[in-house]
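Enquirer: Here are the chains, one letter per residue:
Protein chains: 4
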Amino acid sequence: MIKVGIINVTGYAGAELARLLYTHPEVELLSVSGRSAAGKPLAEVFPHLACYDLTIGEESDAVDFAFSALPHAASAEACAPLVRAGVPVVDISADFRLRDAKEYAEWYGGEHPAPDLLLQAVYGLTELNREAVQQSKLIANPGCFPEGALLALAPAVKAGIIGSDIIVDSKSGISGAGRGLDLKYHFGEADESVSAYGLSGHRHLPEIVQELARMWPQAEAPMVIDKTVRVWPADEPRAGGAPRVTFTPHLIPMTRGILSTCYAPLLPGALPSGEEAKNAVRDLYRDLYAGEPFVRVVDSPPATKQTRGNNMCLVYPTVDVRTDRLVVVSVLDNLVKGAAGQAIQNMNAMLGLPEAMGLDAPAVYP
Amino acid sequence: MIKVGIINVTGYAGAELARLLYTHPEVELLSVSGRSAAGKPLAEVFPHLACYDLTIGEESDAVDFAFSALPHAASAEACAPLVRAGVPVVDISADFRLRDAKEYAEWYGGEHPAPDLLLQAVYGLTELNREAVQQSKLIANPGCFPEGALLALAPAVKAGIIGSDIIVDSKSGISGAGRGLDLKYHFGEADESVSAYGLSGHRHLPEIVQELARMWPQAEAPMVIDKTVRVWPADEPRAGGAPRVTFTPHLIPMTRGILSTCYAPLLPGALPSGEEAKNAVRDLYRDLYAGEPFVRVVDSPPATKQTRGNNMCLVYPTVDVRTDRLVVVSVLDNLVKGAAGQAIQNMNAMLGLPEAMGLDAPAVYP
Amino acid sequence: MIKVGIINVTGYAGAELARLLYTHPEVELLSVSGRSAAGKPLAEVFPHLACYDLTIGEESDAVDFAFSALPHAASAEACAPLVRAGVPVVDISADFRLRDAKEYAEWYGGEHPAPDLLLQAVYGLTELNREAVQQSKLIANPGCFPEGALLALAPAVKAGIIGSDIIVDSKSGISGAGRGLDLKYHFGEADESVSAYGLSGHRHLPEIVQELARMWPQAEAPMVIDKTVRVWPADEPRAGGAPRVTFTPHLIPMTRGILSTCYAPLLPGALPSGEEAKNAVRDLYRDLYAGEPFVRVVDSPPATKQTRGNNMCLVYPTVDVRTDRLVVVSVLDNLVKGAAGQAIQNMNAMLGLPEAMGLDAPAVYP
Amino acid sequence: MIKVGIINVTGYAGAELARLLYTHPEVELLSVSGRSAAGKPLAEVFPHLACYDLTIGEESDAVDFAFSALPHAASAEACAPLVRAGVPVVDISADFRLRDAKEYAEWYGGEHPAPDLLLQAVYGLTELNREAVQQSKLIANPGCFPEGALLALAPAVKAGIIGSDIIVDSKSGISGAGRGLDLKYHFGEADESVSAYGLSGHRHLPEIVQELARMWPQAEAPMVIDKTVRVWPADEPRAGGAPRVTFTPHLIPMTRGILSTCYAPLLPGALPSGEEAKNAVRDLYRDLYAGEPFVRVVDSPPATKQTRGNNMCLVYPTVDVRTDRLVVVSVLDNLVKGAAGQAIQNMNAMLGLPEAMGLDAPAVYP
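Protein chains in written order, with numbering that gives the first Met the number 0: chain A, 0 to 365; chain B, 0 to 365; chain C, 0 to 365; chain D, 0 to 365.
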């Protein structure tokens with residue numbers, strides 16, 4: 000059994016890790032920490048975790064594997080000594096997601112606590128980065144919004160069928176904002192209401208742009224790979240340059256779930272015209288996600304509830320044939336595929352376990 | 000007192016008309032019809048309307064003014080004889096919104112029941128069409144989505160500051176789908192879930208496009224009207240042509256409210272650069288909505304709950320300075336400003352009453 | 000116009016007073032206070048109140064009438080000088096509800112700040128106490144739970160048809176807990192969940208008991224007033240003595256509304272047997288609430304949504320014929336009939352205005 | 000592997016069986032039936048069950064074990080041939096819960112389709128009936144409300160500490176009403192609202208009464224078993240006779256969960272007086288549920304969300320010391336412990352498997 004520690008179990012992501020790990024056959028949860036509740040039984044803070052006989056304590060250094068669910072900055076500080084001691088770590092915070100310490104400072108408002116580790120860290124969107132994840136000891140677990148946006152856009156970007164004018168309009172349940180108190184998340188204020196936020200720039204924006212840019216095709220001209228879809232070869236520059244992304248998150252009166260609606264112009268001739276474009280794009284997505292245990296390309300628009308509590312991301316790509324735009328809808332559970340489930344998927348990949356181990360329970364629907 | 004009739008009071012829009020008219024000082028609600036509940040007291044079908052001593056019956060022809068809240072097709076059939084008899088009518092259905100009977104047939108799937116009245120009908124978005132409304136006897140009350148989208152985009156379109164690549168991403172409470180039974184609206188299915196729909200083309204799309212096209216500036220070159228904003232003169236063609244709109248509605252787990260997030264590229268040089276663009280666009284919107292009783296341009300992103308139960312539309316325009324895109328968020332109550340309240344506002348305008356009469360109660364918050 | 004002040008407008012009850020007073024034809028809202036937001040425009044703190052051009056400031060002494068929506072203790076301190084200066088006051092806090100300063104100290108944990116005013120104060124459940132309210136200058140506005148429980152039980156108690164073993168099981172929306180921050184009211188915790196609280200004794204219990212005891216019949220033997228219902232004469236002791244009430248409030252995942260289910264044993268022979276008992280008890284309730292503008296005895300179980308935003312209390316009395324128990328269900332909006340609406344109803348009564356003035360808007364349904 | 004069939008997978012209970020069985024290590028789900036969706040892939044009807052490669056078909060007779068989630072009457076008809084063929088069956092419908100065919104006819108409105116099997120059937124509340132369940136081939140799975148009410152009351156009844164005047168006030172999420180369409184369960188109607196129903200007698204009432212009566216102590220006088228709690232010996236009549244239960248269910252705006260608040264008078268001297276009574280009753284409950292995997296006696300009032308998606312029932316017993324009443328709050332997930340989870344627990348018991356097998360995933364909180 001792999002002895003696992005969760006650093007900061009007292010937030011929603013930490014508690015969700017504990018919930019999911021309980022049924023993982025190769026894991027023993029050895030220690031859980033959390034300063035605000037130190038010394039309390041886990042079962043007192045989270046009655047749904049009474050299955051564990053654990054007390055919230057200090058971070059243990061006797062673990063084989065660690066997850067950090069601390070807020071940014073504090074997380075890098077807690078992870079650094081573990082990484083340096085050779086303990087593999089998945090960091091759920093944002094600390095190792097942006098590769099550029101300057102960009103980190105700009106968005107997160109402070110010096111990076113461990114800039115030397117940035118190059119070691121691998122961005123843990125397993126589906127798009129599997130080999131690197133498997134060989135890494137430090138994973139930057141993706142943000143919940145980038146997770147859904149990148150899985151929605153990656154096939155189109157890699158195939159080079161879209162231009163760079165991208166809009167990501169996301170709708171998130173309120174647990175995405177964490178367990179901290181704020182009038183915005185008071186039931187009386189949030190219930191029966193929708194609002195947009197982060198309109199001046201949400202911290203998940205540079206993460207989306209960075210990862211899209213990494214996969215952006217560089218060719219001047221597309222390569223025809225079959226009769227219906229033209230794809231750009233890698234390593235060649237393409238007109239249009241870096242993606243220009245507008246990202247708007249919205250607060251939705253539900254606890255869990257993110258739906259992202261992504262819009263981008265189709266490049267002329269990239270897809271067959273008319274209704275056939277819809278099938279072509281779906282086939283393209285199906286090909287690129289073939290065999291993935293946690294991405295399913297679906298035939299009709301999905302609902303967030305279809306992923307509640309489990310690690311699936313459902314992706315529905317289609318084409319607005321009146322305007323030649325790609326529209327992709329993705330849904331996931333922000334605490335699972337958008338945080339703790341993705342982290343365990345990464346752990347499985349890092350440790351050479353089957354990627355879906357411990358993550359196979361269906362969504363809790365309705 | 001104006002004797003008013005509501006045709007089909009048994010849906011949400013009809014019941015909302017009755018609710019709002021109860022406190023209108025110049026109106027007496029004389030008759031309410033509704034085939035599914037004919038013969039029943041209104042108070043039995045809607046306990047919250049027990050203040051009325053009315054029985055649901057036939058449509059009365061003794062009214063001075065009529066609202067129709069019937070479904071499309073049935074509504075035009077019921078309105079036509081009234082209009083021909085000289086009774087002023089506000090039709091809440093879609094029947095008189097599209098000016099082109101062919102387009103109507105395409106989107107609504109049938110011959111228009113009274114195509115001769117199409118030219119008489121005025122699209123009743125009072126703020127954008129006030130004089131025509133005041134002189135009309137037949138108002139096509141706007142759809143709930145077009146209402147929010149058009150109020151969000153009109154100032155930018157009229158000022159000619161945006162290009163034609165427009166995306167409208169709307170989030171609607173479930174009462175927008177009406178009171179009919181469908182598994183999609185069953186509490187167990189809709190609660191705690193978000194989904195997109197209408198991705199192949201929602202019926203409100205042609206309505207949005209038609210009205211945007213009507214106000215679209217035609218100039219080749221903009222006219223500078225003050226130091227910060229350049230505006231196109233009317234009646235001259237502009238490069239770019241008709242608006243190319245993608246519209247995606249989403250179902251949100253709440254009863255009332257629509258939030259629309261609208262995206263469009265800013266034309267080069269249309270606004271000052273950087274952060275100043277945000278103030279410039281807000282000033283532009285404030286100018287164009289100055290004096291409007293039911294549109295308020297706000298300084299921070301609004302929440303649908305701030306308009307619950309009342310006739311206000313809150314509009315928040317801003318600029319994504321990284322990508323030079325206009326982003327406008329609007330919120331309203333789909334049953335009030337998106338239906339019954341807008342209809343009463345139109346009635347007031349048609350009858351020469353103060354436009355806000357009977358519509359001044361603040362939103363029911365929280 | 001009556002110049003009115005609201006002391007502490009920044010909580011839900013205070014804001015609801017401002018909302019409802021906006022359409023009151025005889026009131027001018029002159030001043031609103033609130034320490035946490037002093038100096039801010041009311042429209043900034045509550046965008047739905049942007050109809051007012053008011054700044055949150057000090058308490059004004061130039062008002063003709065004051066409402067206090069302060070927390071207990073602070074409220075009595077703020078009300079006392081006004082009352083002594085002759086300004087009529089409705090206190091929404093609990094400070095003047097319990098007549099016994101010792102009982103107050105026991106339940107509210109501190110000396111009463113103005114015990115000399117306790118005898119002057121009138122318990123403002125207008126329906127049960129109309130004459131005293133009309134003649135009073137200091138009203139203790141009822142708690143939201145007692146409001147529903149007392150209106151549900153009063154007719155049965157006054158008629159002497161029930162024994163003293165009373166259970167009040169109440170279900171409340173979360174706005175009843177106020178606008179203060181607490182993990183219990185965080186959306187993620189409260190949404191999709193029900194819980195009981197106050198099981199060791201909720202502060203509204205002594206209020207319910209006090210008022211029930213005041214109306215409890217004292218007769219040894221009932222008086223027959225018609226063929227079906229036997230009623231105890233007043234001023235005579237009755238076996239059984241004081242009511243023995245268990246009160247359990249529950250937190251419900253909705254913003255507004257209280258439903259109280261009240262249970263009591265029927266006294267033998269008090270009602271006809273079998274199904275007739277149901278009609279007899281409904282007739283009894285109808286008689287006792289005849290003419291009341293804000294209590295309606297209904298024929299089928301009501302839903303809280305039928306009173307959302309308005310001042311109505313719907314009461315459904317019935318009999319469990321298998322066990323000879325009275326079961327009464329009442330619903331109301333905790334912020335209106337359970338707080339601000341009841342307070343305005345009291346103001347109307349105190350000032351000799353029609354009791355329903357400014358309170359006639361139907362509920363916002365759905 | 001045990002080959003299992005689910006009869007009528009298309010309702011919420013049937014789908015929940017499929018969800019939970021997916022992670023059961025000894026079960027292979029062989030067949031799922033459902034007339035309304037016959038021929039469709041399970042993944043189409045329920046996207047969250049896309050993990051299964053099953054088509055909804057006829058009932059299979061090649062199964063080793065069957066669950067029926069059909070409505071009453073149809074269920075007995077479908078179960079009877081299986082039972083007669085020796086296939087062990089858990090029936091989730093109400094058909095085999097009431098032992099008396101006459102009572103069945105009265106409450107369910109029709110002749111019992113297989114009255115000869117009534118004596119064979121065992122009421123499957125495993126905790127209270129374990130040995131009989133283990134030896135049975137036909138289990139009547141308890142109703143969702145009786146499940147919570149009986150687990151809340153059983154220890155007090157068995158210990159003989161309460162009188163017979165029992166009130167069960169239950170609050171249920173809307174999935175308890177099933178997946179059928181009805182205006183009452185339309186989101187617009189049910190959201191943000193609470194209502195009581197079944198006030199003339201809900202079908203779960205006779206089930207609660209039958210099972211309480213079965214465990215009701217018969218002694219004239221209590222037996223002292225330790226210093227704090229007096230218990231009645233079995234098999235002796237006790238004054239007071241059968242339980243007199245009033246049961247009121249309420250519809251709550253949430254999808255899953257039942258909270259039942261149960262009230263009963265404490266018999267004089269049954270518990271120590273004052274605050275000690277609270278500890279004594281909790282100890283009594285702890286003793287009687289010691290070792291149970293799916294009942295936990297908790298120290299503070301539980302929330303339904305703490306059991307969302309899992310098979311736990313949390314029970315909080317306390318005493319209202321002002322009125323000498325026992326108050327017990329229980330919470331569970333109506334689709335799991337109140338239906339499918341309880342059914343699988345019964346299957347495990349019937350087949351000699353560990354009772355918790357496949358049911359150990361923690362609740363999905365928040």
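Treat the hints as calculated values from the structure; they're not laboratory data.
Don't take each hint at face value.
Copies of one chain are not kept apart here, so a pair can be met inside one copy or by any two copies together.
[Stated by the list, open to error] Lysine-lysine pairs mimicking BS3-like chemistry, simulated, CA-CA at most 30 Å apart:
(1) Lys39 <-> Lys183
(2) Lys39 <-> Lys101
(3) Lys136 <-> Lys157
Enquirer: Against each hint, give a clear statement of whether it holds in the structure.
Expert: Hint check:
1. In this assembly of identical chains, the alpha carbons of Lys39 and Lys183 lie at most 30 Å apart whether taken from the same copy (28 Å) or from different copies (18 Å).
2. With identical chains, the CA atoms of Lys39 and Lys101 are never at most 30 Å apart, being 39 Å at best within one copy and 38 Å at best between copies.
3. Taking the closest pair of Cα atoms, Lys136 and Lys157 come within 30 Å of each other only inside a single copy of the chain (27 Å); across copies the shortest separation is 56 Å, beyond that limit.
Consistency note: the structure conflicts with earlier hint 2 alone.
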